[in-house]
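Protein chains: 4
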Amino acid sequence: MRFQEAKETVLQELDIVFASVDPVQVDQMAEMIIQAEKVFVCGVGRVLMMMQAFEKRLNHLGIDACYVGEINEPAITDKDVLIVASGSGESVVPVAIVKKAKQFNPKIIHIGSNPNSSMTPYEDLFVRIPCRTKLNLEDEIDSHQIMSSLFEQSVLLLADMTALLIADKKQITDLHALWRKHANIE
Amino acid sequence: MRFQEAKETVLQELDIVFASVDPVQVDQMAEMIIQAEKVFVCGVGRVLMMMQAFEKRLNHLGIDACYVGEINEPAITDKDVLIVASGSGESVVPVAIVKKAKQFNPKIIHIGSNPNSSMTPYEDLFVRIPCRTKLNLEDEIDSHQIMSSLFEQSVLLLADMTALLIADKKQITDLHALWRKHANIE
Amino acid sequence: MRFQEAKETVLQELDIVFASVDPVQVDQMAEMIIQAEKVFVCGVGRVLMMMQAFEKRLNHLGIDACYVGEINEPAITDKDVLIVASGSGESVVPVAIVKKAKQFNPKIIHIGSNPNSSMTPYEDLFVRIPCRTKLNLEDEIDSHQIMSSLFEQSVLLLADMTALLIADKKQITDLHALWRKHANIE
Amino acid sequence: MRFQEAKETVLQELDIVFASVDPVQVDQMAEMIIQAEKVFVCGVGRVLMMMQAFEKRLNHLGIDACYVGEINEPAITDKDVLIVASGSGESVVPVAIVKKAKQFNPKIIHIGSNPNSSMTPYEDLFVRIPCRTKLNLEDEIDSHQIMSSLFEQSVLLLADMTALLIADKKQITDLHALWRKHANIE
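These protein sequences, in sequence, are chains A, B, C and D. Residues in the first sequence are numbered consecutively from 12, following the numbering used here. Residues in the second sequence are numbered consecutively from 12, following the numbering used here. Residues in the third sequence are numbered consecutively from 12, following the numbering used here. Residues in the fourth sequence are numbered consecutively from 12, following the numbering used here.
No incorrect hints appear here.
The calculated BS3-like cross-link candidates involving lysine-lysine, where the alpha carbons are at most 27 Å apart (straight line), are:
hint : chain 1 : residue 1 : chain 2 : residue 2
1    : C       : Lys111    : A       : Lys113
2    : C       : Lys90     : C       : Lys110
3    : D       : Lys181    : C       : Lys18
4    : D       : Lys90     : D       : Lys181
5    : B       : Lys145    : D       : Lys113
6    : B       : Lys145    : A       : Lys181
7    : A       : Lys113    : C       : Lys145
8    : A       : Lys18     : B       : Lys145
9    : C       : Lys49     : C       : Lys181
10   : C       : Lys145    : A       : Lys49
11   : A       : Lys110    : C       : Lys113
12   : A       : Lys110    : C       : Lys111
13   : D       : Lys180    : C       : Lys145
14   : D       : Lys181    : D       : Lys49
15   : A       : Lys90     : D       : Lys49
16   : A       : Lys90     : A       : Lys113
17   : D       : Lys18     : C       : Lys18
18   : A       : Lys145    : C       : Lys110
19   : D       : Lys49     : C       : Lys18
20   : C       : Lys181    : C       : Lys90
21   : D       : Lys145    : B       : Lys113
22   : C       : Lys111    : A       : Lys111
23   : A       : Lys18     : B       : Lys181
24   : D       : Lys113    : B       : Lys110
25   : B       : Lys145    : D       : Lys90
26   : A       : Lys18     : B       : Lys18
27   : C       : Lys145    : A       : Lys110
Among chain B residues calculated to face chain C with C-beta under 7 Å, some are:
hint : residue
28   : Lys67
29   : Asn70
30   : Asn83
31   : Glu84
32   : Ala86
33   : Ile87
34   : Ile108
Hints listed in this document are in silico derivations from the structure and should not be mistaken for laboratory results. Glycine included, each C-beta is placed from N, C-alpha and C at the ideal position.
So here's chain A without its partners, still in its complex pose (with noise of 0.2 Å):
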């Protein structure tokens, strides 16, 4: 395989995916943490460092993030958002997470594939990227790649989008001068 072949697989089934996601959905995920006092991300493996780029970034936008099991971690309260990614939405760990967060009473939006998972009776928004998960649903789209890299993918360029919108709502404009609150000694 050349390089090539390898880059069009990557890019062309983003295209695909990023056709199917919804708008709508997208935009209420932007204004839910926009609206939140905090914000926790929950996922796990490859997902979970799609995540901890989309708190990193949250954060550099003036939005209080973390993920669940961070050292500096803060309780949870009904103010705020939980969001979690999971393409199968039947990773064991999440799930216990968000049912263990019900009880806090925090707005759960959930990332997935899969529609009809353990986690949609606790979500009060669900962002679909319908790619080929573990599970593989016949509405899925498959693809070429490793695993589930192209769920994975997805999760980050989704993620980055939203803040952009995020950015937009803020009335932020200068998006390279952002460093004030980045580390300064990394």
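Once you have looked at the hints, place chains B, C and D on chain A.
Same frame as chain A, but now just chains B, C and D:
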């Protein structure tokens, strides 16, 4: 800003970036990874998260990989490869690590935008993703995204494209059947 | 409060705790770790940090160890040991992990204070550190320290004592010469 | 080796170490932490885990703390304190961070064993834990434990003793009632 606009910004900028990535450099990186006894990845902030996602995928492919600073990080030797991602090539910690690592003589790969950085004298291979970083060099592709988002996205996609090349070189054909090396209690 | 007083509080409470730890339980834990193919550690918050320190030491001793959630976490099998530290035995995520892990039938060790917890039915070995946790059980040793500090300190010291037993059983004699398996570029 | 012997080794060595820690240095550290706007902690390996446990406890006490490299690490300023724990004072990454941080002029505290290290010129306060590290200096307390275990245990206990001093200075009296700032969905 509507989602449609944010989506096009992200996907089009990625198309432009990858039109400028040199296939030979990526193929060399894939070869060096396959030849290595162990692979160490390094970066800071969101770039580190992307490299950790690369590390995780390499392990799925049967390649022994860790990040610098990981709990079980072993000693590096001259049979290993160290891959540092840093757009500017000037981040304090990665530069310190590259200099220290050089004493043990691993192959050093730098994924970045700046071809003349403090890391340059130590590199065996430079893989260029020529998009805007903190330095804002003249021949870098500009971005309408927040801070270095475009670089970070490009690092993830480059990593996943490289993973496809590696799977091909290692004749791993069933790309959805690599869960065997994957955590089963998350 | 003078430092002298803080010092005596901490050191005396540790003496009291370890007078109540059962040597047989600790020896059994050391044996089970040596017999295992791989060791998984689990906990939350400061307790997790102590278990990660245990994990790192086990690797120095040539034992393949990771924490649940780690980037390179492999699949667990019936040849492995899962060690969960939780004072109350009721932390949501550890309980969910123990239940999930049980499907793959590893040996399960619980380090905690509460002998009748949600984890009890799943445990192969309970190692008791009988000091005050959130539950504040009647037969627990009380503490004048902050929150569960005494439990967390005890977990670290117990881990390091267990490491000494393991080194002895494995006939590793030069305890200052284990840097070979240790990172050399940090 | 029986557990009894391992236990006595650990507990007695800790007694010897803390008999040599200077109360004035610890009190100064507690004062500097209280005066700081933010506290940054730094270290590598097991020492980093101990410092992260310190960080978590400081946050419980209402002190804004993070570790260098944390996702939400903010910019450091001259109103902040940087606490670096390194036995030898020669670890590559901490030394690089201390030098970089100095540009922003925070107070710098070094917890270590070696009073004449690469960090010494940058320190505002040196808190000595005089026990054997990699360098094995002449006036250090020797240890029969594995590698630098004694130093790492001492860092944790010193941190928790310092937390008691801080709680006292801040007149926080109910030490078991600090869970309000603590995660509730772990």
